[in-house]
Structures are given as structure tokens and as C-alpha cells.
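Work out the full structure, taking the sequences as your base and the hints as a guide.
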Amino acid sequence: MSKPVELTIDGKKVTAKEGETILEAARRNGLYIPALCYLEGVSSFGGCRVCVVELKGSPRVFASCVTPVTGGMEVVTDSEKLRRYRRWAVELLLAERPHVCSVCVANGSCELQQLATELGVDHLRVDREWTDYEVDLTHERFAYDPNRCILCTRCIRVCDEVEGVHTLDLMLRGKNSKVIFDLDENWGFSRSCTSCGKCSASCPVGALYVKGKPLSEVKKKDLVSFIMERRSEK
Amino acid sequence: MAKIRLATVWLSGCSGCHMSFLDQDEKILELAGKAELVYSPIADVKDFPENVDVTLVEGAVGNEEQLQLLKKIRRNSRILVALGDCAVNGNVTALRNSLRNGDEEVLKRAYVENASLNQGVPEQVPRLLKRVLALNEVVKVDVYVPGCPPNAELISQVLNELLEGRAPVLEGRFKYG
Amino acid sequence: MKPDELRSLAQKESELRKSYRYRINVCCSSGCMPFGSLKVLSAFKDAVREFGVEEECYVARTGCVGTCSLAPAVLVEPGDYLYQNVTPEKAREIVKEHIVGGRPVKSMLYGNEAFFKKQLRIVLRNAGKIDPLRIEDYIAVGGYYALLKALTRMTPQGVIEEVALSGLKGRGGAGFLTGLKWRYVARAPGSPKYVIANLDEGDPGVFANRTLAEADPHAILEGMAIAAYAVGSQKGYIYVRSEYPLAVQTLKKAIEAARSMGVLGDNIFETSFSFDVELRLGAGAFVAGEETAILASIEGRRAMPRPRPPYPAQSGLWGKPTLINNVETLANVPVILLKGSEWFSSIGSKNCTGTKCFSLTGKVNNPGLIEVPMGITLREVVFDIGGGVAPGRRFKAVQVGGPSGGFLPEQLLDLPIDYESLTKAGAIMGSGGIVVLDDTSCMVDTAKFFTEFCVDESCGKCTPCRAGLYKLYKVLDGFTRGEGSVEDFSKVEELCEFIKEASLCGLGQTAPNPTLTTLRYFRDEYIAHLVEKRCPAGKCFGNSGGGGVE
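Chains as they are written, first to last, in this note's numbering: chain A, 47 to 280; chain B, 17 to 193; chain C, 7 to 556.
Each hint should be verified, as a subset may be incorrect.
Straight-line alpha carbon distances no greater than 30 Å define the calculated DSSO-like cross-link-like pairs of lysine-lysine that follow [claimed, not checked]:
| hint | chain 1 | residue 1 | chain 2 | residue 2 |
| --- | --- | --- | --- | --- |
| 1 | C | Lys326 | A | Lys49 |
| 2 | B | Lys88 | B | Lys50 |
| 3 | B | Lys146 | C | Lys259 |
| 4 | A | Lys127 | A | Lys59 |
| 5 | C | Lys506 | A | Lys127 |
| 6 | C | Lys96 | B | Lys88 |
| 7 | B | Lys146 | C | Lys506 |
| 8 | C | Lys480 | A | Lys102 |
| 9 | C | Lys506 | A | Lys102 |
| 10 | C | Lys480 | B | Lys87 |
Among chain A residues calculated to face chain B with C-beta under 10 Å, some are [as the list claims (entries may be wrong)]:
| hint | residue |
| --- | --- |
| 11 | Lys127 |
| 12 | Leu128 |
| 13 | Pro144 |
| 14 | His145 |
| 15 | Val146 |
| 16 | Cys150 |
| 17 | Asn153 |
| 18 | Gln159 |
| 19 | Val167 |
| 20 | Asp168 |
| 21 | Arg174 |
| 22 | Asp178 |
| 23 | Ala189 |
| 24 | Asn193 |
Since the hints were derived computationally from the structure, they do not count as laboratory data.
The beta-carbon is built from N, C-alpha and C at its ideal position, and this holds for glycine as well.
Right under this line is the structure:
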């Protein structure tokens, strides 16, 4: 039986479970912290840095999705500095690959697009990259456009931890990082892929998608957390 | 109160942003009462005038002519507004940036591969830039209004705020695409 | 091995050592080897035979003495006569004149006394003076005595206290108090516990850890064993770059020798303490030196850092409490136990005790590996030990801390070297790289060069480091061509702040340092590029380009 942990988030007293992260505690208490690579139901990655928060007494910022709560912790989820950092994170992701919302399958349902609106990223202060990765259309039901990938690794974690297959992983490093199927096979030729579709259902942008349908028509919200909840109830 | 001098410009874009601008319905009449349209694709003015208060620019910078025009616009405008995704970040216009020799490829597709008669790029077609540029890659931009197109309501709000001398804050109000 | 056996072996070996009138130490480390030091070694052996002085002169294959510009370097004891650029022919002459004739060959001696005078060698105490492949050499100079003392006369808590009192801080860069870290691991619940020695020295131009491993591998092993005893571990790993083949080979042989001698293995010195060490090779990523990336790599996964907490002390290798120390930190430990924390804390400055190894490179007259007391000024390092820049050239900047270290100008040269002072000035202790630049280097180009390195080495996990550094590089690249304006400076500084503050690991958190410090101390050079469209050093704008450091 784990002990409850008392902390404050934006001045509000909150009770969290031991071992819980700041983000989980905040969400369970109805407090909002923007996040992107975080996905309920799978392990946290801590890569996108959108969910950064400040902790009283520390000059640093912390990714709330991977920082465990401790007793007496004072969390600040909104400040001029945090907004500035979150804007940079979203802006850099938008500039990293050619995100063109108007012709994207995820237009209107894209989490990156929504964050840009929410955080006021109405333009880019850095040059855009116009990558020309080949779009993988070899799978009969799904497609993969690396040009829209933000390397959040949600698909990798879902494939590994929920479907249990680990078809997806990262190749290369730094800005050349790329999500691949098996040992960089085309999707349609992947021997391990079960075609379950959880990866595309978890993609926050339009990188992995169901062919022939805009994302807004594909019912997918919270699929993974729904599955995990069902499993834990068994 | 003197009317403000308003200009709208159409660079490399689909004119959708201008459609949205015109789609302000009765508000466009209110605007007409406060602003004088000194330059626009819908007004017959050849040269971009001097002393413009607010210029709305639709479209990205795709060729040399537009590059020079934009610089002139900047010199002659007090407030420069990037209107729509093409002006803000290149959008569809800039998709050719992903292609090797995108400038030649798009001309070839339009004037050679898809032409049934007189195949070949006509002389009058201005030379394309190697890369399509967003406005802020060329000049300083004062206000960004993303959207493909930005909706009429947003354009109207932004113009009103500018007319009243306020800097519009678009956080939470715009949408790319 | 029994305690008495160590003592009698040490006795025997040191008597053997004393029985020779002369000892010729030929450096055969990675620095001297490419210059033919193995041939020099055999030439010395031949010459000693030829002149019939085998009984009185011992020829040893040793590690580095630190003077890499003199390769191959040879140290003749007694008297520490250092010969430079020795060839097989010169070797014969040295034996003939110095050993047989008793007259050191002055024309071949290294003239710069200051190089050694201002140094203090604790970590490198044996470097260049013992044969790293002979454990007996190490034992002859007091090796494994500290382990014996710890195991037989001290409690684990006592060892931790001694290390804590010494004030020793982690030499890998972050400067965390070693004693405190040990205490955390010792107290952490869970077993087994692991000890990892970090030898993944990925910084370009930095070779202190490599040299240590090549010259004195047993100092690392002994430090590890003591650490393991203190925190309650039985298993250690040395994480070493596979690009260090000689260090790998040396360590491998050292581990074998230590096992067969019984200073590694079960019931060491007939106590209940057992400890063994394995080597783990990295695949050549700079970021793999980050402690959580090491954990991933040893576990067989992609070397990507993960967020802390939990710290490795609580949840490290396979989720178990793990102590990760840099090899230089560990090599300090045996000396601290033998000479005492009081002695150690009297060295260096008040808040920063002991010494630090630095790889001194760049446009400096005497490059090499040095070890200096903490608190020494940069000026002493660059001008006294390093001999300053070439005649006719002007000193411009010194980079401290490896590729993500900041550049400090002339007016900050009197800064004492310690963690706090360096960080305050925008540099870092880092892995101990010191790169000297003269007026032929362009600071904008140099900042771009080091940013590019970090772009290439970013693992790609977090946005600020992966995407942010690349954008920073692109802006700097534009600056070197005069593209951009002084108005971009605030944007660059804001981006740098985001990368520094919001990055997941130390790579991103320090990578903007070159840019920030050059913008701070050499802003006029940036302005020259952007406003006057010229490069004061004549590097950019189509002139001889390339990196800031050749």
C-alpha cells in the first residue's frame, strides 16, 4: 500500500500517489499541463519538453511527465519562462520537418497544431527544414510519412509495451533520427507488425495514419489508455 | 479622423486569403469607412504606393519579382501583416522546397508535362527562386495571421485592433491549416 | 592473496627496482606509439645489451609522461631526465653517453622545466614511471596497499567518511561530492549493487582518461575495489570507448593480472569482501559518457540518456543501486586512503581540493597531459606550463571543458581553476580539455565548429538538443558568411537559454556554452562579420575555412 504524497501545484494543495509523476498527479486533480510525447497507458519518455514545470527552490525546469512527486514539493506550471520554453519546443518541432497543416491528414485533430494555437506560436523564428523522406505506402491499411514525424516515440512505446511486438524503433541519432519498422523495412514487408493499428492511433500528428481517412474520422482518442485500463481490471 | 491607408498584396498563394478577407461581409463596409484601399489585386493600382499604414500580404515569396516587391512593401509600410500560412511559413507554396531543383521541376510539370499545346516555359514567366521563402525570411514582419485561409472573423478582429492602434495577440485564436 | 604476500612482493619488487642504477622509461602510450616508440624501446634494449649494462640499467615500457609534443618521449631515472623525439639511433647514443658515460645528452633533453614545475601528480603519480602491464611494478610503488588498508583496518563507513572529508569531487565534469555519492549508494536499499568506472572520454582533443588507463590501469582497479567495498558492491564495470584500443588492451591485461594475483576475485586479502570487474565497450557516441546513457548501453540498449531522478544511486544498472565514477576520481581514492583526507584537502583551493588532469592542446607551445592543483590560474596553465602561443602570435582565447566548454578571453586568465569559478565565467570543468586559440582563430567560426560537433553527437531524444542545436548551428553558419544581423543576437541568446535549461542531459545543457561565451566576450567579432562583412581572423568569407582548431 503506497503512502499518499502531499504537494502543491500552482498554490493548490494536491494529494498524489507515491511514485506518481507531477503530470499524472496534476491531471488526476483536474489541473492542466500541456504535454506532447506523454501518452497515458505507456511509459513516459520525457523528450518533447513541452510539459516542463518549475519547482520552488530549483533554478532548473523539469519535464513533469517524468519527474516523480515528493512530499512538500511546490510545482509551478505556468510562468513567463515556462511559456517561453514551451513555445520554443513547439516552434522547433514545427521547423524541424516540413509540417504543412493544410494538406495534412491530421489537420484539425493534430496535437502539435493545437499546441501551436494554444501557446501562440504564430510564426517561426528559425529556418524550416524541407526534408524529403520517402512516404511509406507499402502497408495495405496504413501509411507512414516521416516528414511529419516529431520523434515523440509514442508509436514505439505502444508497439512495445501494449501490443508487445516492438516492430518500431529509432534509427540513427540526433536530427537524423528516424522511426523505422523492424530493421528499416518497408511497413508492408515487416514480418513482426501485426497490423493492429495502435501506432497510428497514438500518433499525435499525421505521421502514421490510416489510409484514405482524415484523422478526424478515425476514432482513436484514448485508445491506449482504454486498453490498459481494461487489462488492469481483469 | 483621417482614414488609414490600407494595402493588400497577393504574392505566391491561391488568393484564398483574399477571399477570406472579402468574406468579412458587412464588416468590410465598416472597414471601408475607416480605411482607404491604396493598393490591392482588387484595385487597379500599378505601383506599390508610399506611406502605407497597414499592408496585408498573402502568399509566400516564390520569385525574384516578388522578392523585390516585398522589400519595397516593407520600406513603404508602417505595419506589415503576414496573412495566411503561405505568408507565415511557406505552406503549400513551399512544398517544392523538398524537391531537388524544385524551381525547375514545378515549371516543367506545369508548362511541359501538363501542357498539350505549346509545350515549354513561356518567357513571360518570372524566374523562380531556388527556395520559396516565408515573408519573415526576407523582411521584418509585424503581425502574423496564420490559417489556410485565416477565417474572416479573425482577419476582421486583427484589422480592428490594428486600426485602434493595438498590437493583436493571437494566442488561442488562430489555427494553422 | 594474503596481506603478507602483498607486503613481501612489494618488498621484493622495490628492492629489485633499487638494484638497478638506471631506469629508462620509454613511453608507449597512444601518443608516442605512432611515432615509433616500440622501435625505440627495442633499440634501448639492444643498446643496453650491446654496451653490457643490462645489470645496472632497466628498460621499461611505460605509459605517458604527459609531453605529447615530444613523442617519442623517454624518461631516465634517477634525475627525471626527459629526452624528446627519441629515435632508435638516439636511443643508442643515450645509452652510450648517459648510462655508460654518466653524461646526460643535453642536446636531446627537454628544456622546459616549467612544464613539470607547476604540476602536481597525484592521479598520474605512476604514469610514465611504471610498466602498466606488470602488476608487480604497481605493487612495488605501494599499489593495492590502500585496498589492503581499507579491507583490514577500516569499515565501509570509515572509507566513505575519509573520502568525504577529503572534499574529492567527481572529475567527470559535474563536480558532485564523491563521498556524498558513495553514501547515497551505500544507503540505497536493494542488491546487488554495481560500481561503474566511466572511461567513455568522447571529447575531441581530450585524452586524460585514456592516458591514465594506458599508464596506470591498476590505480583505476584499486579505486574501484575500494569504492565497491565502501558501498557494498561485488561487481564492477569499466565502460570504455572502443576507440581506445590500447587502453582496452591494457585494462584487459590488468584485470587478468589482478585476478590471478588475487586482488580481484573472491575473499580478497582473506576477508569476506569479493569483487570482480568486467570491461564494457562503448560504440563511439559522445553522449554515451552521460551516466544514464552508460546504464542503457551496458544493459544492451541504445545509449540514450534518461531523466533523473531517479538517480543511478537509487535505480541504476538493471534498476539496482549503482555508483558511477569517472576513472580519474577513482584513481584519487587509493592515495587519499594512504595519505589521509587531511593531506588531500590541503591541496588545491578551499572549496575545491586535490588536483585535476587537463589535456592541454591547441595553439600552445607545449601541448600535453598535465595535472595541476585546483585553484591554479588559467594563466599559469597556458603560459607557464603550456609555454604560451607561438612567437609572433597573440593569445586570443582558451576553451575549458571540452567541446561544450566556454571560451574565456585574456582578461579572465587569472581565474582560478575550480568548478564554481569556471561555471560562473561560462565555462565548465567538463572532462578537462583546455584548448588554446591564438589570433589566427575566428571565434564565430570556432563556436560554429563546436556547435556542429554537438549537433552530430546529440542522441535525438529531446527537442532542445536535437532540433534546437541544429538551428543554432544554422544561424552560426549564416553568421560566418555575414548572413544575419545584430538583432539576431537576442534570438540566439534566447534559444541558447532554452537549450541549456530545458535539455534532458548534460550534452544539451552545456552545448550552447561556446556560443554564449563567444557572444559575451568576443561580440566585436560577430559584429565584424555581420556589419562589416569581414572576418577579423581571415577565416570566413571564402578564406581558408574549416574548424576553429586544427
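Hints and how they fare:
| no. | hint | verdict |
| --- | --- | --- |
| 1 | C/Lys326 to A/Lys49 | 22 Å, holds |
| 2 | B/Lys88 to B/Lys50 | 24 Å, holds |
| 3 | B/Lys146 to C/Lys259 | 59 Å, violated |
| 4 | A/Lys127 to A/Lys59 | 23 Å, holds |
| 5 | C/Lys506 to A/Lys127 | 13 Å, holds |
| 6 | C/Lys96 to B/Lys88 | 75 Å, violated |
| 7 | B/Lys146 to C/Lys506 | 35 Å, violated |
| 8 | C/Lys480 to A/Lys102 | 35 Å, violated |
| 9 | C/Lys506 to A/Lys102 | 19 Å, holds |
| 10 | C/Lys480 to B/Lys87 | 24 Å, holds |
| 11 | Lys127 | 16 Å, violated |
| 12 | Leu128 | 14 Å, violated |
| 13 | Pro144 | 6 Å, holds |
| 14 | His145 | 8 Å, holds |
| 15 | Val146 | 6 Å, holds |
| 16 | Cys150 | 7 Å, holds |
| 17 | Asn153 | 4 Å, holds |
| 18 | Gln159 | 5 Å, holds |
| 19 | Val167 | 9 Å, holds |
| 20 | Asp168 | 4 Å, holds |
| 21 | Arg174 | 6 Å, holds |
| 22 | Asp178 | 4 Å, holds |
| 23 | Ala189 | 17 Å, violated |
| 24 | Asn193 | 7 Å, holds |
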